[in-house]
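Keeping the supplied structure of chain A fixed, place chain B upon it in accordance with the hints.
Line by line, the protein sequences give chains A and B.
1 is the number of the first residue of the first sequence in our numbering; add one for each residue after it.
381 is the number of the first residue of the second sequence in our numbering; add one for each residue after it.
Wrong hints could be hidden among the right ones.
[As the list claims (entries may be wrong)] To give an idea of the chain B side of the interface with chain A (calculated C-beta under 10 Å), a few residues: (1) Met411; (2) Ala469; (3) Val483; (4) Thr540; (5) Leu541; (6) Leu589; (7) Pro598; (8) Leu629; (9) Gly646; (10) Gly650.
By construction, these hints were calculated from the structure, which means they are not laboratory data.
The beta carbon of each residue, even a glycine, is placed where N, CA and C say it ideally should be.
As a plain string of letters, each chain reads:
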Amino acid sequence: MDLSTFFNIDYTLRTVALGAGILGIVSGALGCFAVLRKQSLVGDAMSHAALPGIVLAFMLTRSKSSLVLVLGAALAGWIGMLLIINIVRYTRIKEDGALALILSVFFGFGLMLLTYVQRLPDATQAGLDKFLFGQAAALLRQDVIIIGVLGGLALLVMGLFWKEFKLLSFDHEFGATLGLPARALDVLLTSLLVIAIVIGLQAVGVVLMSALIVAPAAAARQWTDRLSVMVALAGFFGALAGVTGAAISSLGAGLSTGPVIVLCASLIVLFSLLFAPNRGLVWRWARQQRNKRTLQDTAVLSAMMTLAKQHDTPYHAHNINVLRVMNLKRGGVQRTLEVLEAEGLVAEQSDDLWALTPAGLEAAQERTRFGAQTAPVEMA
Amino acid sequence: MNSYQLEILLIAAVVAVACALPGVFLILRRMAMMSDAISHTVLLGIVIGFFLVGDLGSPLLIFGAAVTGLLTVVLVEVLNRTRLVKEDAAIGLVFPALFSLAVILISRFAGDVHLDVDAVLLGELAFAPFDRLVIGGVDIGPRALYIMGGILALNMLFITLFYKELKLATFDAELAATLGFAPAAIHYGLMSIVSITAVGAFDAVGSILVVALMVAPPVTAYLLTDSLPRMIGLSVGIGVAGAAGGYWLATVLDASIAGSMATVLGLLFGITFLFAPERGLVSLARRRSRQRYSFAQKALTIHLLNHQGLPEQAEECHMDHLQEHLRWDAPFAEQVVRLSERAGYVQSQSGELRLTENGRMLAAEAMVGT
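Extracted from the complex, chain B is given alone in its bound form:
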């Protein structure tokens, strides 16, 4: 791996971490689609800023873009508050309009500069190391690394300083308001962070990967843990893993780095969706089947308890009768009886079932309702 590749990887990792931090709160606050909206509309801020300043490298552009990001949030809220459209429709109306405006402005008035819509949307990380930051004649590294590093530091500072407020406003906005924590201020603070991150990242990775990096790692982490600090930590780890894996995949296929990273992040989510220890589909299915059998065993012991020692015992407490009485099919009934025997709840003598002391206790407990 040469220094050029190392730099790309480093930038990708920094972007991933910078995006994952606010992303966690977007997911928990059910505002994931705002990242999509904001990452599109910042383009308008960049375009307008460019027309005013005339320089694509100016930090004013980041400021302008962050303002447009906030404008998006405000417009959505204003539209929502008229009660003429629902919130989802408000998002779906505001960001395509602003984005279209930006695209038209670019193609009409900025065709001759390096402000390419495809580049903004899709990004090209492979070019990032060519744009060097030179101070006093000394090349100190790619400019994108410093911009994203600064944004990462800002995000970390914001989340560290306002951790308590963010947590409270996220999980109980009413309580936060009652205690005087100004959830609205926290909300706009978070949205500013999202906007600034989206602007900083657009150049390096493109706006769609911003969405992928903000949403996919936290969503994956959400399936793995119930604790907020652990969710943040996991998101950061998953984001970096996705960045590294994506870069590797892009090198192998000679394809877009941003697209490959999103793909790897999607795969990581897919694996988690299937195999997460508590909430994965597989463990969900296994838990359901286990509960089904454990319930069936209880039903069997209760059934036996009800009929034991009575005249009908010979018929009712027989293997073949379960199908009729408990409406089990034969293989299921056999499996339940086998499991119950192994657990020591019943004994079987040529098809006739008898409760053990343990089985009697299980049935009694189940009927009392523990």
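Chain A with its partners taken away, still in its complex shape:
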């Protein structure tokens, strides 16, 4: 099956993938600020806190229109966020305690309302519980439009306040001393995060939506040190996870979309943690090996120079065993000498007798110039 028929045939899949993709862009981009401000778990608390809002919105309006439910979710998430901020400000309860408290209490309250509604005789509530784990397959065109409009608005506001958000993310105190309304901007930024979360609830569910905030941003962070690049990359990773996850979950029966999308995002994180240039673990390991080699080369060269100082000529040859003794059990002297020989820095004059070459002497002097005691060799 080639791509064009694939996309032409499956209208549902196209809708779902589009919705999940937009969602990934919005949550990835806004998630960057949450991750940089060490508020990764705020998303978790707010997505759980949104549940009672969804049920209450349904109870009050008797409508299952996405817009109504999303607004209810946003309101509840927003109230939860304000409560968390104020609990931390006015009591000695730390942020983790406030987050876990609001998360579990709001979710429990939502659960109580949900079960209450479900047992009402006239209820047409069927399908509200899909908000727990998400059902992207049920996304309709109008849902995707809502996701697109609200998400686009959130990104627009993010763009308008880019400079302020950037400053507050990296140096909150400095921003406040410049006269920025730090508290209002904090609330605005977190409100944008609430929007990014609630538009994803229908597709990904309240339990796992937080991962879509954290994972793309954490992955993007590994590839760059610039905020603008990070936000763009996180949006891309989010979209990638969203589209791939939606596609995979549409293949298998009984696969909730939320978990599949989250696993895709987790794989992207794992790949980034390992292979991102400079910060990645594989790179770090390779750099450590390289440093070790350089250190070993320098140690052997400098040992040979020290020995040579005691002779008329700096090119006097010494037995490898002497170098081994001076090498303090680090080992691999033979191999190091062979490497240095290939670079033309040392030469083997006869069996196991090694001497510096002129290039080697220069290299030894160069490399030990900043060393504490080593002075250049005096030519006799």
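Quick look at chain B alone, frame taken from chain A:
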């Protein structure tokens, strides 16, 4: 109340106490969100254990789940130690991944057994009494009561045996390490307890209520006391009260018991947040206003002392001048003067204020800086 209801209430109370005990230390050690992470990831252990053993009632499942709980802690720490992500992000990455894996495993391979994600997450206490423990043909009560009772006993034993170590490692980890108390061992011990409790409770009350029961009572108690033993005692009491109140509410509304308990616990916290004697919002506001007036009275006496007996006295020590000089608005100035008169610091004669001996002493004391 019939025996069925009594059993539910009893199980709920035992779960509440079992959760509150480790919860106190989670709050004090600022690790409350670990309870959220662990209560989700134990599902993976249960699923894998189920695939290996094939029996949902096997105690091996509890063991497997406890191991996954510890695995969560270790993974978060490993990730944190790479310094590539901060600790909060590490938690936010690890538990959704493991939980998603568990959910997918269940829906792909265990669809036909009673291992329902909704049930794990939300729990249904109302069904707990139907699962009886029968020994030698005799029905000796609901199985959940015995499992949670055992876990409660384990938690009590752990906290009693290592009370001193827990306390020290919680409040001063450096000192504990210096004295050789192995705070790392205590840390993992506590995390094991949290994992085992989360596993035991998932069946009865669901993982989200585990978080509510572990966090809400200690957080509420934290606003009421400064002493660790009293905080533990209060947490246990609040947990049991929340369980009982929640069960009542659930019966009235015919709604989820776990959800109702979390709701009642939230209400208890809300009441405490507002009205706690020392740290509640109301007493905080009252204390602030009292301090504001007491400071204002001192400022007034100092002002009067500075100008008394000098040529400008008639003008400076007059009621109407305070607004200009001390920048008080009229109602506030009147209130301060009224309070000062009542306390015997000043005397007022048609708007002109005069210090009493007491007022002079107050001003002198304030200026020396007691």
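- Unsatisfied constraints (hint numbers, rising): When the structure is compared with the hints, numbers 4 and 5 turn out to be violated.
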